[in-house]
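With our numbering, the residue at position 90 of the sequence shown is 90, and numbering never jumps.
Each hint should be verified, as a subset may be incorrect.
[Stated by the list, open to error] DEER-style ranges, computed between Cβ atoms: (1) I53 to A75: 22 to 28 Å; (2) P59 to V124: 17 to 23 Å; (3) Y56 to R118: 25 to 31 Å; (4) E51 to E71: 27 to 33 Å; (5) V105 to V46: 40 to 46 Å; (6) I49 to E106: 48 to 54 Å; (7) N100 to E71: 38 to 44 Å; (8) L70 to R115: 20 to 26 Å; (9) E80 to E135: 19 to 25 Å; (10) E71 to E106: 35 to 41 Å; (11) L98 to V63: 50 to 56 Å; (12) E138 to L96: 25 to 31 Å; (13) F58 to E97: 46 to 52 Å.
[As the list claims (entries may be wrong)] Once the Cα atoms are required to be at most 20 Å apart in a straight line, the calculated SDA-like pairs of lysine to any residue come out as: (14) K126 to F86; (15) K67 to V124; (16) K126 to L70; (17) K104 to A114; (18) K104 to R115; (19) K126 to F83; (20) K67 to Q128; (21) K126 to G107; (22) K126 to S88; (23) K67 to D129.
It is worth saying that the hints were derived from the structure and are not from the lab.
From the three backbone atoms N, C-alpha and C, an ideal C-beta is built for every residue, glycine too.
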Amino acid sequence: MSETPFPVSAPPPDAASLAALLQSAAQALLRSGKPSDEEHPAPAKVERIQEEIRHYRFPPLAVRCEKELLEAEDAEEMRELLFRAFSSLETFADLLELMNPEAKVEGVVMHTLARELRRIGRLVFKIQDAYSTVELVEA
Numbered sequence: 001m002s003e004t005p006f007p008v009s010a011p012p013p014d015a016a017s018l019a020a021l022l023q024s025a026a027q028a029l030l031r032s033g034k035p036s037d038e039e040h041p042a043p044a045k046v047e048r049i050q051e052e053i054r055h056y057r058f059p060p061l062a063v064r065c066e067k068e069l070l071e072a073e074d075a076e077e078m079r080e081l082l083f084r085a086f087s088s089l090e091t092f093a094d095l096l097e098l099m100n101p102e103a104k105v106e107g108v109v110m111h112t113l114a115r116e117l118r119r120i121g122r123l124v125f126k127i128q129d130a131y132s133t134v135e136l137v138e139a
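All chains should be modelled from the sequences, with the hints used to inform the complete structure.
Dropping the structure here:
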């Protein structure tokens with residue numbers, strides 16, 4: 001049986017153990033990188049597809065929203081934010097998988113996990129919102 005920071009018979013976590021759990025989750029987030037080749041192997045035969053050039057129209061509101069979002073999140077470009085959201089979700093799922101299925105999770109832990117999941121959801125929504133008015137322009 002795998003170990004969990006909060007075994008079934010344990011009393012509610014104190015602030016120090018909760019801080020340690022959050023610290024380890026934060027460290028896992030920082031360490032998370034691109035998915036390994038083992039998790040996502042390359043296809044056996046890669047068909048060479050010709051490059052495609054597309055043109056998009058960015059209304060002034062979309063440009064402003066994108067700029068404000070990048071500044072607020074301290075990111076250089078949108079793909080960085082998408083990767084952060086992906087990494088956060090992967091780390092969140094990894095953390096949940098490490099928990100003992102028999103553990104009774106206290107409300108404070110559930111609340112903390114829910115806040116983190118909501119933070120990720122808000123980031124994804126902001127990305128979607130920034131591009132909601134962008135249109136593909138026929139060349």
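These are the hints, each one checked on the structure:
At about 25 Å, the beta-carbon gap between I53 and A75 stays in the expected band of 22 to 28 Å. Checked against the hint of 17 to 23 Å, the C-beta distance between P59 and V124 comes to roughly 21 Å, which is consistent with it. Taken as a hint, the range 25 to 31 Å holds for the pair Y56 and R118, whose Cβ atoms sit roughly 30 Å apart. Distance hint check for E51 and E71: the Cβ-Cβ separation is about 31 Å, which falls inside the suggested range of 27 to 33 Å.
With their beta carbons about 44 Å apart, V105 and V46 fall inside the hinted range of 40 to 46 Å. In this structure, I49 and E106 meet the distance hint of 48 to 54 Å, their C-beta atoms being roughly 51 Å apart. A hinted range of 38 to 44 Å holds for the C-beta pair N100 and E71, which are about 41 Å apart. For the pair L70 and R115, the beta carbons lie near 23 Å from each other, so the given range of 20 to 26 Å is met.
Separation of E80 from E135 is about 24 Å and conforms to the stated range, judged on CB atoms against 19 to 25 Å. Against the hinted window of 35 to 41 Å, the Cβ-Cβ separation of E71 and E106 comes to about 37 Å, which satisfies the hint. For the pair L98 and V63, the beta carbons lie near 42 Å from each other, so the given range of 50 to 56 Å is not met. Checked against the given bound of 25 to 31 Å, the beta carbons of E138 and L96, roughly 44 Å apart, lie outside it.
Under the hint 46 to 52 Å, the C-beta atoms of F58 and E97, about 39 Å apart, miss the expected range. Simply put, K126 and F86 have alpha-carbon atoms about 14 Å apart, close enough for the 20 Å limit, and the pair holds. Restraint check for K67 and V124: the C-alpha separation of about 15 Å stays at or below 20 Å, so the hint holds. The suggested pairing of K126 with L70 holds, with an alpha-carbon distance near 10 Å, which does not exceed 20 Å.
At roughly 16 Å between alpha-carbon atoms, K104 and A114 fall within 20 Å of each other, so this suggested pair holds. Between K104 and R115 the CA atoms are separated by roughly 19 Å; this keeps the pair inside 20 Å, and the hint holds. Our distance criterion of 20 Å between C-alpha atoms is met by K126 and F83, whose separation comes to about 14 Å. As the CA atoms of K67 and Q128 are separated by approximately 14 Å, the hinted pair is consistent with the 20 Å bound.
The straight-line distance between the Cα atoms of K126 and G107 is roughly 28 Å, outside the 20 Å bound, and the hint therefore fails. For the hint pairing K126 with S88, the CA-to-CA distance comes to about 15 Å; that is within 20 Å, so the pair holds. Between K67 and D129 the alpha-carbon distance is near 13 Å, which keeps this suggested pair within the 20 Å criterion.
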